[in-house]
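Read off the chains here:
Protein chains: 2
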Amino acid sequence: MNGADVLCDVLLANDVTVCFANPGTSEMHFVAALDRKPEMRCVLGLFEGVVTGAADGYARMTDRPAATLLHTGPGLANGLANMHNARRALSPMINIVGDHASYHLPLDAPLTSDIEGLATPMSNWVGRVKGPADIAPAAEAAFRASLAPPGVATLILPADAAWGEVGAVSVGKVRLAPPPAIDMDVVRKIAAAIRAAPGRVGMVVRGKAARADALAIAGQISTASDVRLFSDVLIARMQRGRGRVAPTRIPYPVDAATAVLRDIDVLILVGGKEPVAFFAYPGKPGRLVREGCQVLALAAHGDDLHAALEALRDELGIKPTQQQVFATAFPDEGTPTGRLTEDAIALSVARKLPVDAIVCDEAVTSARRFFALSAFAAPHDYMMGTGGSIGGGIPMATGAAIACPERKVINLEADGSGMYTVQGLWTQAREKLDVVTIVFANRTYAILHGEMKNVGVNAIGENARRMLDLDHPSLDWVSLAKGMGVEAARADTCERFDALLDSALSRRGPFLIEAVL
Amino acid sequence: MNGADVLCDVLLANDVTVCFANPGTSEMHFVAALDRKPEMRCVLGLFEGVVTGAADGYARMTDRPAATLLHTGPGLANGLANMHNARRALSPMINIVGDHASYHLPLDAPLTSDIEGLATPMSNWVGRVKGPADIAPAAEAAFRASLAPPGVATLILPADAAWGEVGAVSVGKVRLAPPPAIDMDVVRKIAAAIRAAPGRVGMVVRGKAARADALAIAGQISTASDVRLFSDVLIARMQRGRGRVAPTRIPYPVDAATAVLRDIDVLILVGGKEPVAFFAYPGKPGRLVREGCQVLALAAHGDDLHAALEALRDELGIKPTQQQVFATAFPDEGTPTGRLTEDAIALSVARKLPVDAIVCDEAVTSARRFFALSAFAAPHDYMMGTGGSIGGGIPMATGAAIACPERKVINLEADGSGMYTVQGLWTQAREKLDVVTIVFANRTYAILHGEMKNVGVNAIGENARRMLDLDHPSLDWVSLAKGMGVEAARADTCERFDALLDSALSRRGPFLIEAVL
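Chains as they are written, first to last, in the working numbering: chain D, 428 to 944; chain A, 428 to 944.
To be clear, the hints were calculated from the coordinates, so they are not data collected in a lab.
All C-beta atoms in this analysis are idealised placements derived from N, C-alpha and C, irrespective of residue type, glycine included.
Warning: the hint list may mix true and false statements.
Unchecked claim - DSSO-like cross-link-like pairs, simulated, lysine-lysine; straight-line CA separation at most 30 Å: (1) 711(A) x 464(D); (2) 557(A) x 464(A); (3) 700(A) x 746(A); (4) 557(D) x 700(A); (5) 711(D) x 464(A); (6) 464(D) x 557(D); (7) 464(A) x 880(D); (8) 880(A) x 464(D).
To be verified - With beta-carbon atoms standing in for the labels, derived distance ranges: (9) 571(A) x 463(D): 47 to 55 Å; (10) 530(A) x 560(D): 47 to 55 Å; (11) 611(A) x 899(D): 53 to 61 Å; (12) 689(A) x 560(D): 30 to 38 Å; (13) 899(D) x 568(A): 31 to 39 Å; (14) 929(A) x 782(D): 54 to 62 Å; (15) 490(A) x 530(D): 34 to 42 Å; (16) 605(A) x 541(D): 25 to 33 Å; (17) 463(D) x 604(A): 54 to 62 Å; (18) 575(D) x 568(A): 39 to 47 Å.
Construct the complete structure from the given sequences, taking the supplied hints into account.
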């Protein structure tokens, strides 16, 4: 067997059974090895941002890494933006980046680049295989790095390490370190802080603390101890819908965010860092909590967040039978008719959402109402791009659908964002994935128009308009989808949108609705 | 005025009058400043690979930098692959990458990343503006770095440097260092080497040595002193066609390349490095020249290559009136009919090529015959992706058309490569660019099938097939083009292709031909 075979074996032995790929010449031995392993599902993306974004979506839904296969520095570079999102979502991922044979590197052939330099900013771990004999330990290290704690691991595979012959190598399951024990001193300190500031305590839940079972515990603490629950503005994954505790999302605009947190004296972090302003603006604060607010971490990324919440509940003397409080019915409003609007789409999708759907939201400004309404929708998983990289939505939906073939995936997509990785639609068609893509076609980078106002520009001229608007010509999403083998239709009225959504939800396979706004 | 205004002024004062852009929030002050400068042409790309690839195409045709505008680390990351191509083509380029306000960086907001780390591998120069007062010198340094010698300069612009007020700043033209004087010792040494090895000397021409006037001098040397002229396998830009000297392109396959160079005892480099194998293969050499071949650099990147060739010609005692020898007529073969083939397309395009056309060739395996035929075509400029990054073709054609609005641009594009930056078609429609895109739709990564054979795999299985073929579903390029506002049509016979090409060449504006193979 050769090094590439060993790499495949290490991945498969550790249940890494999906490889999102866009291969090139230097990876041909690895492709040949994958070809000998039919138990590995290889999923082609026609652009590397699709590959890494799909691996992110897959990881969020399975809590397990997929492998990616990327072609040298430029192939990795094309995948970096969605690796950035994955890194911020703390998603496990194993990127395999092919490189020239090690002895070829000094010749500085045209495709040579500093792969470590490119990988490091967007990876939690970077390694390079030193030779065929190093491939098993290197692959095991990458696997371990992807999961303990979860993060983006990038393994550089020189061609001669892949093609080099090795003897029989026995591979097995990698032993992962268990999460650290709960620090009861911290739990007691936080319980005391909660008791000392009734009604003025907030808690930000992230990662596995945003799953239904952990949210239920957070909800018990919230109800019994008057703690307000929050989530970040960008949410890696949250289980949401009827019968689930619904934290308040900290708003994106700085003024609104500071207003929401104004009365908080103690902010408890479960699985992440202190929330800060997404961008800086002249004269506005970067931290969102008020001066003097005590910020306390109950548990960090990689800790057992569920157990930490249980420990806090118990320390506060709250019974596991304590009920949570949540709204159960949609706001009482009629069914919108006539000209289609963003809010009408949000309401329609929230009302029609199938049980156990997965919602991938990259609609930026357009689907703002959906998140609020989704608290009343059927139980579902909700995910967003987390690092501010644009172009995560279509790939993330693709990966989520590979991870959960029995669940409907709804991708709320902006026309601006969707174009960055539009190639992902082809993978949805190729793999016959059950994804409904709803494109909010407002033909503008609407968020940037807002940001121009934020910087004090109210009337814009020709140069700015041409950089912020997606018109002349308008994108025709029905044709784009058709070009990649995805059925699609257009709606500009509420009635037509509802009919298309009903139809898309009642069938299987990819479908795209261009919602003209 | 603020820092962003100063930056615009420095660019404009130095005749940087085109900005390819994909802006985001942290660049809003720069966008507002550009909006106050109608003399700057702002060209929106819907993906950053379009932006940097277009800047590369623009630079190749003008020998001047365009600016690009990229949004923080992920926006830069999306542009890196085509920066790699630009770096390998030695194209001048000034990337302006917005970043958070400097005081916001320690908060590690979601979009924060190591921009220097990302930029360095694909840039010849990286700088960060330290504050509003630093913006003029930093912009001037970036401009200088982009031209002397030409290369990719990346300037990081923190938002607070862009919005910070500065007093009146006077900006002017940056003085560039002249190229170094010709080293006559080197010229004499090379002339002696040529005389000592008659019939066994080769010369590789690159950069401005591949323009018609310099090629003419190289052709005089070739004719008078029996020197064989070569070009790299990947060509940044070459002036080619009837009445121009046509170097032999060193083939891509290693065996063919070493065969071409087998009889060369002295290889003279004009403007670049020794050609090496694109990839390493087990048991094959990385260097292409034979053992013992003397490799001598007449001039390096940044030198005056034209003057160096003149000096060598004079040193060899060759008269400026010496004629060159070149073929003048197409091979005598009929007009292909029936089922469309790659070679029929190559012949048709070469025969019909308008005078002064610009050919951007990213057809990889499919247009191999075109380059040979182009020696007999109407005089034109020929360009390829130079670093092996896929996805350069559509953007490069876009930038070339912005640079030369009066010239027809022909983009020979592969269906695999074209998908990486397909968004560039929209920019062609938006800017009404005179680009004819010919997609060689073979529905496969044909080069990788060849490479699988090169690594000894002759029969491939399901996993490899699904990673190397672009079928199930096939891409429908007519719909893709229509989706972005570009008129398009499909041909699967030679007759239909010829008719479509005639029609596309007789009109102005973007048109795409899907050539089904």
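Hint-by-hint comparison with the structure:
1. 711(A) x 464(D): Roughly 28 Å between the alpha carbons, so the hint for residue 711(A) and residue 464(D) holds.
2. 557(A) x 464(A): Status holds; Cα separation ~24 Å.
3. 700(A) x 746(A): holds, 28 Å
4. 557(D) x 700(A): Holds: residue 557(D) and residue 700(A) sit about 28 Å apart, inside 30 Å.
5. 711(D) x 464(A): holds, 28 Å
6. 464(D) x 557(D): Cα-Cα ~24 Å, so holds.
7. 464(A) x 880(D): holds, 19 Å
8. 880(A) x 464(D): Holds, at roughly 19 Å.
9. 571(A) x 463(D): 47 to 55 Å: Because 54 Å falls inside the window, the suggested range holds.
10. 530(A) x 560(D): 47 to 55 Å: holds, 49 Å
11. 611(A) x 899(D): 53 to 61 Å: holds, 57 Å
12. 689(A) x 560(D): 30 to 38 Å: Taking Cβ atoms as reference, residue 689(A) and residue 560(D) lie about 36 Å apart, which means the hint holds.
13. 899(D) x 568(A): 31 to 39 Å: holds, 36 Å
14. 929(A) x 782(D): 54 to 62 Å: Once the Cβ atoms are compared, 58 Å apart, the range 54 to 62 Å for residue 782(D) and residue 929(A) holds.
15. 490(A) x 530(D): 34 to 42 Å: holds, 36 Å
16. 605(A) x 541(D): 25 to 33 Å: holds, 31 Å
17. 463(D) x 604(A): 54 to 62 Å: The hinted range 54 to 62 Å holds for residue 463(D) and residue 604(A), with Cβ atoms some 57 Å apart.
18. 575(D) x 568(A): 39 to 47 Å: The hinted range 39 to 47 Å holds for residue 575(D) and residue 568(A), with Cβ atoms some 44 Å apart.
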